[in-house]
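Each chain sits in its own coordinate frame; assemble them with the hints.
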Amino acid sequence: MKRHLLSAADLSRDDAELILRTAAELRDLADRPIKKLPALRGRTVVNLFFEDSTRTRISFEAAAKRLSADVINFAAKGSSLSKGESLKDTALTLEAMGADAVVVRHSASGAPHRLAHSGWVRSNVVNAGDGTHEHPTQALLDAFTMTRHLGSLDGRRIVLVGDVLHSRVARSNALLLRTLGAEVTLVAPPTLLPVGVDTWPVETSYDLDAVIPKADAVMMLRVQRERMSGGFFPTAREYSRRYGLDGRRMATLQDHTIVMHPGPMVRGMEITADVADSDRSVIVEQVTNGVAVRMAVLYLLLGGSEPAVGGEE
Amino acid sequence: MPAHPNTSPSESSDGARVVLDAGDIQRALTRISHEILERNKGADDLVLLGIPSRGVPLAQRIAERIAAVEGYDVPVGSLDVTMYRDDLRLKPARALLPTEIPPGGVDGKVVVLVDDVLFSGRTIRSALDALNDIGRPQAVRLAVLVDRGHRELPIRADFVGKNLPTSLVERVKVTLAGIDDVDAVTIQGFTTDGGAA
Numbered sequence: 002m003k004r005h006l007l008s009a010a011d012l013s014r015d016d017a018e019l020i021l022r023t024a025a026e027l028r029d030l031a032d033r034p035i036k037k038l039p040a041l042r043g044r045t046v047v048n049l050f051f052e053d054s055t056r057t058r059i060s061f062e063a064a065a066k067r068l069s070a071d072v073i074n075f076a077a078k079g080s081s082l083s084k085g086e087s088l089k090d091t092a093l094t095l096e097a098m099g100a101d102a103v104v105v106r107h108s109a110s111g112a113p114h115r116l117a118h119s120g121w122v123r124s125n126v127v128n129a130g131d132g133t134h135e136h137p138t139q140a141l142l143d144a145f146t147m148t149r150h151l152g153s154l155d156g157r158r159i160v161l162v163g164d165v166l167h168s169r170v171a172r173s174n175a176l177l178l179r180t181l182g183a184e185v186t187l188v189a190p191p192t193l194l195p196v197g198v199d200t201w202p203v204e205t206s207y208d209l210d211a212v213i214p215k216a217d218a219v220m221m222l223r224v225q226r227e228r229m230s231g232g233f234f235p236t237a238r239e240y241s242r243r244y245g246l247d248g249r250r251m252a253t254l255q256d257h258t259i260v261m262h263p264g265p266m267v268r269g270m271e272i273t274a275d276v277a278d279s280d281r282s283v284i285v286e287q288v289t290n291g292v293a294v295r296m297a298v299l300y301l302l303l304g305g306s307e308p309a310v311g312g313e314e
Numbered sequence: 104m105p106a107h108p109n110t111s112p113s114e115s116s117d118g119a120r121v122v123l124d125a126g127d128i129q130r131a132l133t134r135i136s137h138e139i140l141e142r143n144k145g146a147d148d149l150v151l152l153g154i155p156s157r158g159v160p161l162a163q164r165i166a167e168r169i170a171a172v173e174g175y176d177v178p179v180g181s182l183d184v185t186m187y188r189d190d191l192r193l194k195p196a197r198a199l200l201p202t203e204i205p206p207g208g209v210d211g212k213v214v215v216l217v218d219d220v221l222f223s224g225r226t227i228r229s230a231l232d233a234l235n236d237i238g239r240p241q242a243v244r245l246a247v248l249v250d251r252g253h254r255e256l257p258i259r260a261d262f263v264g265k266n267l268p269t270s271l272v273e274r275v276k277v278t279l280a281g282i283d284d285v286d287a288v289t290i291q292g293f294t295t296d297g298g299a300a
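Chains A and B are the protein sequences, given in the same order.
Under the numbering used here, the first residue of the first sequence is numbered 2, with each subsequent residue one higher.
Under the numbering used here, the first residue of the second sequence is numbered 104, with each subsequent residue one higher.
Isolated chain B, as found in the complex (with noise of 0.2 angstroms):
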């Protein structure tokens, strides 16, 4: 449990449930970039690519973290998914959001998809399609914040910051300091404009 109680579990405002605080996810992301060294056996050939919009600064935070234990600056970008989804004309076209491949390219590197929360697995199977198209990595690894469950593609995290077992018609929400007020993993459970995250 948290070692400060007036930010723990519990807190609502409007039905929602805090499950990570700052300091849990400051926890889970050194874990998730000690774990990814120690699968790697170091930072060599890493690149590190975040899923915008939320999977960008927290790939950046990990490879701080890396380059705080092993003193290497591990390559950062973001790779956008959208023009991948197999949802896309479902819905009006939707905004593009950056891609930024690092200037080494991905071609034989381990390259590690970064994302916040992983459930039906469907923007991974878009990430994948998409990283296809812009080189051939030795290998892909996924990291990720939250892994709420109830995947619908044959598709599984690496590295995870938290299990987190949730019912479909709860909405998981991450905020993260730099797009949003605070760092915070929250749960909402049924309230009227409920819908999956």
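Looking at chain A on its own, in the form it has when it is part of the complex (with noise of 0.2 angstroms):
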């Protein structure tokens, strides 16, 4: 039985595809007068972010209510949370409130997991990101721009660049698009690889400007200052000079080379603003198509009798 989305690695290869298909035709509904389907009418999505977010909020806000669901959000400030209630505590009021679904974000790795398999709740829970775990939906609409762009990824090289360390797109980026048949080579100074980074499915370079004319895309990923304590690096202008992309880095890139950023971008550190404004640049194309991904993942976890793609139990 498949009820959560919890991990990129909870999805086969066939699944990934039925929510890139699913996402294909959900997009143009973007393009119409309603933008309404009746698919989840009657079910409850509950967003529950214990973390700051704008665009994955108000994505998933925005996908289930296209899909005619009704959307309960409940953020940490201002609810119970701050005044010491526990996950169980506000997981076991959700349930008597009878949500179907638990869209999820929390600071620490594995709450998602911890709510889906407590037995606390029976909503299917989709993960929106924990601590420096998983992204997977972020993983997801990165796929399907890249499939846009980039057609089948098989034999593609995707480049992931920055601070893979405190990355959960980087995680669920590199497991998935590996499940797609592409070849991911993640590009961090020493410090921001994770330890581990040598079992993972990927290649590792410290050399940005030897890697990049090969890829077909590249990902920049934001600096995650409020999860460093120490020094990761010596200063934020040796970090851009050797891990940012500016022009110069950019004129190197083959012609149909996209360049990708999950947000918020840090312009100036990671990536200079004449690339991130530049044609290669998908950054605002990847937040439109977050919303279509949403609404597969959503659709397929709830709009039938049992969903048709997700992890184990």
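I should point out that these hints are in silico values taken from the structure, not numbers from a laboratory.
Zero decoy hints are in this set.
Cut-off 25 angstroms, straight-line C-alpha distance, at most; resulting in silico cross-link-like pairs (DSS-like, lysine-lysine):
(1) A:K66 to A:K78
(2) B:K194 to A:K37
(3) A:K3 to A:K89
(4) B:K276 to B:K194
(5) B:K194 to A:K3
(6) A:K66 to B:K194
(7) B:K144 to B:K265
(8) A:K37 to A:K66
Have a look at the derived ranges for each label pair, beta carbon to beta carbon:
(9) B:P268 to A:R33: 37 to 45 angstroms
(10) A:G182 to B:R142: 46 to 54 angstroms
(11) B:Y175 to A:D53: 52 to 60 angstroms
(12) B:P201 to A:P34: 17 to 25 angstroms
(13) A:S13 to B:D236: 30 to 38 angstroms
(14) A:S87 to B:D283: 55 to 63 angstroms
(15) A:D256 to B:Q241: 45 to 53 angstroms
Since the structure is predicted, the reported quantities are computational estimates derived from the model, not experimental observations.
Note that beta-carbon positions come from the ideal geometry of N, C-alpha and C, so glycine has one too.
See below:
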């Protein structure tokens, strides 16, 4: 039984391709006068966000609403969570309210897994980012954006650059892109590669200039200073010079290569403004595609009598 | 009766009986195309929307015939009804099929829905709901290749290729070149895997 979407590793190639195909059909909805489908009428989706987020929460909210679900937004600030309520008691409250799906973001890695497997709730759980662990719907929307520009990802070279250590986006992308047949290279200073990266299905490099001329897509990752306590690199300026994408580096890319960023961007740090606003940049499109991909995930998990995709149990 | 005895009814490999062969289907579609034109007094404002998967090639073939007669290319599209089905929650979530609305839209147009088999009428009800979210046609009509009866809703077809009286245990199967190997409508009787189409 597949009930939850907790990790990109839960998705088989067939699952992932079904989600991407479904998203492709749903993307056209944005061009219609009535942006609404009746598939989840009467179902309740709770957005449970223990950590700040703008685009992911809005994207999930728009996705659920376009499928006619009722949406309850639940943010840590201003709720009983700030009074010391535990994850368990929050979950029991949601269960009592009859949530059919819980979209959860939490600063602790594994919180969605705990929620899904504790027996506290019967809802389908969708991981919207947990700590430095995973963010599977972001990986799906990135893969969707890539397939729209590059076609099949089989044998395509995708380069992820920057703070891999703190990036749940990087982990989910590495897993999913590998499932879809792409070759993934992580580029980061040694201090920002996680321990055990040699067990990931990826190549690693410290030299951005050597890697990007062969890339089909370059994804820049934000340096997550809020998760850093020590010194991971000498200065921001040095980081930018060695691992930032600027106009000079962009000129070495192949003609069809696209530049991506999961957002939020720090312009001038990992990416310069002229690159972020260039024709190669698909950063705004990533946000648009996010709604379609999340609609596909919610529809495939909740739309039928049982989920059509997802992970174990 | 068809002019080709070797492809005529009663052919059976797995208990299936061919009720329309390729020639019969061609002639039925030609007649439907003329009936649509006659009813509409020409091809103006017509939009053909096929219901995936087999309604779409049927709609395209009707459009080709209308173009041959009137010299006017009728806009053709497809309309997926998956999310509007009343049995959506009785089965695992199904893959979506393409919806392509022609650039001119459907507002004020005469929309002809095209499907292969008309049975319970539930697919057509879903299609009417789906169409409602896309625009407001001046009129909606229904063309089907086969009407096999057993309606469960007050819905009827305006243009029918063949009325095919069936029993509920029989299975009507439409194959179309392009999606399948050959053009044919077959009917399967009391077989082991038998179910309603």
